[in-house]
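Protein sequence lines, in the order shown, are assigned to chains A and B.
Numbers 504 to 809, taken from this note's numbering, label the letters of the first sequence in order.
Numbers 2 to 292, taken from this note's numbering, label the letters of the second sequence in order.
If you are wondering where the hints come from, they were derived from the structure by calculation, not from laboratory data.
Predicted, not measured: the structure shown is a model, and the values here were computed from it.
Every residue, glycine too, gets a C-beta built ideally from N, C-alpha and C.
Possibly wrong hints are sitting among the right ones.
Ranges between beta-carbon positions, derived for each pair [to be verified]:
1. B/Ser281 x A/Leu527: 32 to 40 angstroms
2. A/Ala584 x B/Ser252: 31 to 39 angstroms
3. A/Gln690 x B/Gly125: 40 to 48 angstroms
4. A/Gly565 x B/Glu202: 55 to 63 angstroms
5. A/Pro739 x B/Gly125: 45 to 53 angstroms
6. B/Ala64 x A/Arg600: 38 to 46 angstroms
Only some residues are given here: those of chain B computed to face chain A with a beta carbon under 7 angstroms [stated by the list, open to error]:
7. Leu39
8. Thr42
9. Val43
10. Leu48
11. Pro53
12. Val56
13. Ile57
14. Pro113
15. Ala114
16. Leu133
17. Met146
18. Leu151
19. Glu154
20. Ile219
21. Thr227
So, partial list: chain B residues that the calculated Cβ filter (under 8 angstroms) puts toward chain A [as the list claims (entries may be wrong)]:
22. Ala54
23. Thr67
24. Met68
25. Trp70
26. Gly111
27. Val250
28. Ile270
29. Leu277
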Amino acid sequence: MSLIRRHRWLQGAILLGPAAAWALAFIVVPTVLAVCMSFWKMRDFRLVKEWNLDNYSTFLEGDIYWRGLLNALQNGAMAAALAVALSLPLAHFIRFRVRRHKTLFIGAVVVALWLGYLLRVFGWRVLFGANGVLNTFLMDVGITQEPLSFLIFSRFAIVLTQTQLAMPFAFIPIYAALERVQPSLLQAAGDLGARRWRQFVSVELPLIAPALVIGATFAFILAFGDYFATSFVGPPSATQTIGNQVADNFRATINWPMGAALGTIMMLAILLVLTLPALATRLWRPAGRRRRDAAAPDTTDEGALA
Amino acid sequence: MSTTIESPAPARPAGPARPSGARRAALALRGRLPGLALDGTVALIYLFLYLPAIVIAVYAFSAGRTMSWPIDGLTLSWFETAYSDDGLMEGLRNTLKVASISTVAALLLGVPAGFALDRFDFPGKALFQRMLMAPFLVPGVVSGMALLSLFLELDVRLSLTTVVITHTTMLLGVFVILTVVTLQRWDRSYEQAAMDLGANELRTFWFVVLPNMKSALIGAALLGLTVSLDEITRTFFVTGTDNTLPMVVMSRLRTELSPAINAIGTTIIGISLLGLLIWSLLFRKRGATPL
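Can you make the complete structure from the sequences, with help from the hints?
Printed below as a string of structure tokens:
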């Protein structure tokens, strides 16, 4: 009996071993190493393993890196808010208005993810560039005399592009939550005199609040960490983000420890953002539970009437 | 926050009485307007999602050199330019190489691990699963930075090999989770039947479990290929002189906006959509929902 148990243990180890070893070598060790590296320094373009806090004090004292972090946080917050704001009507529409080919409508959102990160960023540039589609169209029609400069290489372009990149990630959890909201609940609210907007705000939104937080978190992390769209459609350097600074320190200016320190700060920021929603939902839960209890009899009433 | 959520609750039972028939009809007519507004909004949102891709596809066929309005006629010459461009074609070859090797490697590592996670319990299992997903979920800049730190520390020359390692690490967690999810839907009594008939565990896996997982595995592989084909934020950190297609395209775009890029982009969109089509057909057959 003990032999079989040991045999089964061995089975698990054989199946799991390679993946665990890979994870150790390429997830755990690199992360630890990057954090260690953030406490080292460069001398004559060589990495010197002398422990120090210089990189973090550079971050705290200098204005550039702070602004980089703030820019990334702002981009993330704006993209998250917009992605959720766009996902809501879309999810509501698919859940309550689409009767046939629902999968097609959902699929069309997810497929947007498949079209390629680079291409979706590039597409905005073709669309919004000074000689791009929109500007030349507007001038051709005669609405504007010269190209609208805010369209590209601007904060506007960054947020728009990041919203588009992040939207499917916000949509998926929001739609999944809405799928569990019964139309009869909204009907009941309507029968009690609540207009559409009131139904939406007072019944639908509270029921999917946790999913809104999850969707916003996904969108936030994606936009916060993005350094490609920012450098590609954003202004040359004015709104550089911490992600760009990590990339620059590693691959352009060859200051690996500084890059590692900024990367570590990014990891901490993301960990914080990931734990905040968990805290928030814990605080929300009592209200949510009370609602669900109150909602349950409504469903049965609706069933009895029908 | 809690007050805004709670306040409507007492209002619901004490709402106004039902409106009369005529008033109801008027309300219904007026009620149609918000619905139409919603339809319009949704159409705009879909347009927003697809506009960049549509623009690229349209200008891949446009005869003019500049990507401006209006289009100067149609041509296929940009595809010819793109396909005869050595740099782009080498990038495409490298990308396909990287995508296929990392997908196969991640499948070989991830499927057995997913199998073990489905069957065995061990302390720290949830944490292990979360850790595996981390390289896919964290921003590419964090994952790329960490792996580059390792390569720098070990003095590894950056090449397509380091790119393959990075992509494999990114895909591993996805494949583990997909395997676990697939096995959770799987009826274990088939395995018991095979074992009762004398098959050992290996034969049971090979002849009973694996064939039933086939479409899920092909789906996972297609997903992995598309993700790897498109990867740029991690690759940027760990790539050497040989580059994948997205990297080649990116460096080209820094200097010029050539319609040949649109042509290669349209090709990638085509390949991705084809992969998606195959996947959805496979999943439809099994009656499972797409991810």
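Against the structure, the hints:
Roughly 36 angstroms separates the CB atoms of B/Ser281 and A/Leu527, a value that falls within the hinted 32 to 40 angstroms. Between A/Ala584 and B/Ser252 the Cβ separation comes to about 33 angstroms, which falls inside the hinted range of 31 to 39 angstroms. Roughly 47 angstroms separates the CB atoms of A/Gln690 and B/Gly125, a value that falls within the hinted 40 to 48 angstroms. Range check, A/Gly565 to B/Glu202: about 59 angstroms between beta-carbon atoms, so the 55 to 63 angstroms window is met.
As the Cβ distance of A/Pro739 to B/Gly125 is approximately 46 angstroms, the hint placing it in 45 to 53 angstroms holds. Here the CB-CB span from B/Ala64 to A/Arg600 is close to 41 angstroms, well matched to the stated 38 to 46 angstroms. The interface hint given for B/Leu39 is met, as the beta carbon of that residue sits about 6 angstroms from the closest beta carbon of chain A, less than 7 angstroms. Residue-level restraint check for B/Thr42 holds (minimum Cβ-Cβ distance to chain A is 5 angstroms; threshold 7 angstroms).
A least Cβ separation of about 4 angstroms between B/Val43 and chain A falls short of the 7 angstroms threshold, and the interface hint therefore holds. With its C-beta approaching chain A no nearer than about 11 angstroms, B/Leu48 sits outside the 7 angstroms limit, and its interface hint is violated. With a cut of 7 angstroms, the hint placing B/Pro53 at the interface with chain A holds, because the nearest CB-to-CB distance is about 2 angstroms. Checking B/Val56 against chain A by beta carbon gives a least distance of about 5 angstroms; that is within 7 angstroms, so the hint holds.
Restraint check, B/Ile57 versus chain A: the minimum CB separation of about 5 angstroms is within 7 angstroms; hint holds. At about 4 angstroms, the closest approach between the beta carbon of B/Pro113 and any beta carbon in chain A falls short of 7 angstroms, and the interface hint on this residue holds. Interface hint at B/Ala114: satisfied, since its Cβ lies 3 angstroms from the closest Cβ of chain A, which is below the 7 angstroms cut-off. Residue-level restraint check for B/Leu133 holds (minimum Cβ-Cβ distance to chain A is 6 angstroms; threshold 7 angstroms).
Hint status for B/Met146 relative to chain A: holds, with the closest Cβ pair at about 4 angstroms, below 7 angstroms. Annotation: B/Leu151 was flagged as interfacial toward chain A, and the flag holds, the nearest CB pair being 4 angstroms apart, inside 7 angstroms. Hint on B/Glu154 holds. Least Cβ distance to chain A is approximately 6 angstroms, under the 7 angstroms limit. Annotation: B/Ile219 was flagged as interfacial toward chain A, and the flag is violated, the nearest CB pair being 16 angstroms apart, outside 7 angstroms.
Hint on B/Thr227 holds. Least Cβ distance to chain A is approximately 6 angstroms, under the 7 angstroms limit. Residue-level restraint check for B/Ala54 holds (minimum Cβ-Cβ distance to chain A is 5 angstroms; threshold 8 angstroms). A least Cβ separation of about 6 angstroms between B/Thr67 and chain A falls short of the 8 angstroms threshold, and the interface hint therefore holds. Against a cut-off of 8 angstroms between C-beta atoms, the interface hint on B/Met68 holds, since the closest Cβ of chain A lies about 5 angstroms away.
A cut of 8 angstroms between beta carbons decides the hint on B/Trp70: the least distance to chain A is about 4 angstroms, and the hint holds. This hint holds: B/Gly111 has a C-beta 6 angstroms from the nearest C-beta of chain A, less than the 8 angstroms allowed. Below 8 angstroms, beta-carbon pairs count as interface contacts, and B/Val250 has one with chain A at about 6 angstroms; its hint therefore holds. Hint status for B/Ile270: holds, given a least beta-carbon distance of 6 angstroms to chain A, under 8 angstroms.
With its C-beta approaching chain A no nearer than about 5 angstroms, B/Leu277 sits inside the 8 angstroms limit, and its interface hint holds.
Checked against the numbered hints listed earlier, the structure breaks hints 10, 20; every other hint is satisfied.
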